[in-house]
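Make the full structure from the sequences, and use the hints.
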Amino acid sequence: MTRIKEALPAIALIAALIAVWWLTVSLTHSVIFPTPWEVVTGTWELLRNGTLWEHIGASLMRVGAGFGLAVCFAVPLGLWMGWVGGAYRTLNPLFQILRPISPIAWIPIAILWFGVGDASPIYLIFISSVFPMIVQTTVGVHTIEKRYLRAAENFGVSRRTLFKQVVIPAVLPQVLVGMRIGLGVAWLVVVAAEMIALHSGLGYMIMDSRNAGNRYDLVIAGMIIIGLIGLSLDTIMRLLEGVRWVRWRYAH
Amino acid sequence: MRTKIEVRGLKKSFLSDKGPLPVVDDVSFTVGDGEFVAVVGPSGCGKSTLMNMMAGFVRPDSGAVVIDGVPRSKPDSKGILISQQGSVFPWLTVRENLMFGLAHGSSGLNGHGIKNRMEIADHYADIVGLKGFEESYPHELSGGMLKRTELARALAVKPEILYMDEPFSALDALMSLRMRNELLRILAQERHTTLLITHDVEEAIHLADRIVVLSPRPTRIQAVFAVPLAHPRKISSREAQELRVTILRELGVDREGPV
Chain A
1 MTRIKEALPA
11 IALIAALIAV
21 WWLTVSLTHS
31 VIFPTPWEVV
41 TGTWELLRNG
51 TLWEHIGASL
61 MRVGAGFGLA
71 VCFAVPLGLW
81 MGWVGGAYRT
91 LNPLFQILRP
101 ISPIAWIPIA
111 ILWFGVGDAS
121 PIYLIFISSV
131 FPMIVQTTVG
141 VHTIEKRYLR
151 AAENFGVSRR
161 TLFKQVVIPA
171 VLPQVLVGMR
181 IGLGVAWLVV
191 VAAEMIALHS
201 GLGYMIMDSR
211 NAGNRYDLVI
221 AGMIIIGLIG
231 LSLDTIMRLL
241 EGVRWVRWRY
251 AH
Chain B
1 MRTKIEVRGL
11 KKSFLSDKGP
21 LPVVDDVSFT
31 VGDGEFVAVV
41 GPSGCGKSTL
51 MNMMAGFVRP
61 DSGAVVIDGV
71 PRSKPDSKGI
81 LISQQGSVFP
91 WLTVRENLMF
101 GLAHGSSGLN
111 GHGIKNRMEI
121 ADHYADIVGL
131 KGFEESYPHE
141 LSGGMLKRTE
151 LARALAVKPE
161 ILYMDEPFSA
171 LDALMSLRMR
181 NELLRILAQE
191 RHTTLLITHD
201 VEEAIHLADR
211 IVVLSPRPTR
221 IQAVFAVPLA
231 HPRKISSREA
241 QELRVTILRE
251 LGVDREGPV
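Those protein sequence lines, which keep their order, are chains A and B.
Residue 1 is where the first sequence starts when you use the numbering used here, and the numbers rise one by one after that.
Residue 1 is where the second sequence starts when you use the numbering used here, and the numbers rise one by one after that.
A portion of the hints provided could be inaccurate.
[Said to hold, decoys possible] Within a straight-line C-alpha distance of at most 27 Å, the following computed BS3-like cross-link-like pairs (lysine-lysine) qualify:
(1) B:Lys74 x A:Lys164
(2) B:Lys78 x B:Lys158
(3) B:Lys74 x A:Lys146
[Stated by the list, open to error] Computed from the model, here is a short list of chain B residues facing chain A with C-beta under 8 Å:
(4) Asp76
(5) Ser77
(6) Ile80
(7) Gln85
(8) Ser87
(9) Pro90
(10) Gly101
(11) His139
Quick caveat, the hints were computed from the structure, so don't treat them as lab data.
Fair warning: this is a prediction, and the values are worked out from it, not measured in the lab.
Backbone N, C-alpha and C define an ideal beta-carbon position, used for all residues, glycine too.
So this is what it looks like as structure tokens:
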């Protein structure tokens with residue numbers, strides 16, 4: 001009951017925005033901008049003929065692949081850079097230069113290297129989500145409280161054991177934060193990546209709806225669906241905060 | 001009494017903006033095997049630095065810490081440090097924390113199977129009064145219970161020396177007193193050579209066989225007092241109070257409370 005009460009202002013705001021949108025479109029008699037109801041019917045149409053699921057599936061598959069690869073790459077690398085000073089000093093400057101380059105800037109090179117298949121967007125998603133995760137993991141290792149390392153050292157553990165039994169568990173919550181950021185960026189980028197040169201995915205759907213007959217109802221439907229799926233992905237990542245290995249960091 | 005620890009001319013300076021800042025200036029003393037020595041001194045005098053050098057975490061500029069005739073160069077599980085902030089691993093349960101030290105390193109318990117290590121862990125959880133909390137996580141425990149966990153984790157590896165750096169000062173007065181009594185009870189069962197750093201003169205008199213009083217920074221030994229009182233001690237007794245006044249005077253406090 002209290003949760004519903006807490007959500008009430010947010011729901012009211014969204015309802016108000018939809019009302020304003022509806023009112024504005026009907027008052028201005030716009031021929032091209034759709035009303036909320038037209039967006040709903042447009043979505044229903046896509047649901048019925050099955051294309052919406054295809055697009056969602058394609059986008060999720062690309063994000064899954066690109067983000068998955070980025071996790072496999074970033075987490076071990078971030079741990080290594082955090083733990084070994086030389087690795088940090090060698091790699092960090094390079095990553096700090098690569099990190100601010102927008103994934104959009106990579107598009108020509110992605111097409112050159114990987115063509116216009118699935119590999120290009122997967123590469124773009126990888127390149128955009130890998131750096132935040134490397135940075136978070138590295139910072140996580142650097143900010144482990146010294147008292148834990150000292151206590152472990154006091155019990156005479158080897159450096160290997162220290163890494164496995166103190167560093168990794170201590171840094172896992174930070175890795176999870178990095179993964180949340182990484183997945184958010186990955187989802188943000190999938191749409192941009194699909195706007196170029198592909199034949200499926202939510203980004204493709206948006207561009208195609210506009211190009212093939214100014215179907216702005218479907219453009220907006222696509223935008224809203226992207227927003228909702230992004231929210232769901234983040235919610236799933238938040239649920240992971242309850243997992244046994246990281247719960248200690250959040251429970252108080 | 002056999003000499004366990006010999007502190008020989010320890011000196012330590014730290015670098016500050018205005019050049020080297022001497023913190024510990026030529027400290028020498030010995031601790032007997034099984035003896036309980038408290039080190040008191042004004043805050044910021046370098047007590048913790050002295051303790052960190054003795055436990056092997058900080059290298060002295062000159063001088064040496066000799067344990068059983070062998071100079072110490074790095075920390076090991078023969079001497080466990082319990083610090084004020086505590087270092088119970090928050091990602092492990094109480095039992096796993098207690099087993100941590102048993103699984104590795106120089107404790108000599110490497111050969112013990114996991115079942116055996118669990119038994120040892122549970123035994124020490126019981127000793128410090130944590131029976132029933134073996135599977136709790138640190139964030140589920142109170143401050144006093146965290147201290148007990150830390151103490152039990154140290155005791156489980158059967159250290160020859162316990163280094164305690166203001167171990168109970170983050171606890172409230174009542175819990176601190178309770179932990180002192182617990183510590184005495186445990187040390188009566190399993191005698192360890194113990195070094196206690198504290199700013200609480202009463203705590204030192206309550207627990208220690210001998211009290212080393214340090215001067216302000218750069219710190220030197222200013223005075224050493226034996227505490228010739230039998231356990232259980234009464235802090236309100238005349239002898240204890242006289243000793244307290246003497247030590248406080250040594251620390252530059254001539255009278256207490258409102259004038």
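- Item | Hints not upheld, ascending by number | Structure breaks no hint.
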